[in-house]
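Peer 1: Sequence:
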Amino acid sequence: MSALSQYAVLTAMLAPAFFLTATAALLTTANARLSRVIDRVRSLLRELEECSVEPHREKLESLIGLQRRRIRLILRASQLLYVAISCFVGTSLSLAGDAFLGNRLPHLPTLLAVLGVLSMFTSSLLLAREAALAVGAVNDEMDDAHGRVNRAP
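Read left to right, the sequence shown gives residues 0 to 152 (numbering that gives the first Met the number 0).
Please note that a few of the clues may not be correct.
Claimed, not checked - Label pairs and their calculated CB-CB ranges:
(1) ASP139 x LEU74: 14 to 24 Å
(2) GLU48 x GLY146: 35 to 45 Å
(3) VAL88 x GLY64: 34 to 44 Å
Calculated from the structure, these hints are not laboratory results. No residue lacks a Cβ here, since even glycine has one placed at the ideal position from N, Cα and C.
Could you build the full structure based on these sequences and the hints that come with them?
Peer 2: Laid out in structure tokens, this is it:
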């Protein structure tokens, strides 16, 4: 293999490396969000145990249900991000393999890269939906707290 073809392989492997970095950053964010949601669920469950007022219990159960939906969205997004990482690593490996073993599967690097980008895109949409649910939950909690304060004697 000539030095020029080795340079071409290394250059081609840069794009998957940049995508790996971006995917890792999204995965770190998703894991942090998941931790915050789990902490919130634990807090809501403690409140639910201590609450005896029926309308407030129903509200807490509704909020817990919303947190479950958020957890599922973050989990799916994280799974897709792991798929994306695998695809980007596979892209790099298939590029290197093509260079050293010959061009046996010429479309494999492109296919893996497209699958990785689609996984990353879909996970981003799921995380955007989860963020919208989070904002909605905060707004509901503020409205509920405001209503309780104004109803208090």
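Peer 1: If a hint holds in the structure, say so; if it does not, say that too.
Peer 2: Against the structure, the hints come out as follows:
1. ASP139 x LEU74: 14 to 24 Å: holds, 22 Å
2. GLU48 x GLY146: 35 to 45 Å: Violated: the Cβ-Cβ distance is about 22 Å, outside 35 to 45 Å.
3. VAL88 x GLY64: 34 to 44 Å: Check passed, 37 Å falls within 34 to 44 Å.
In the structure shown, a violation is registered for the earlier hint numbered 2 alone.
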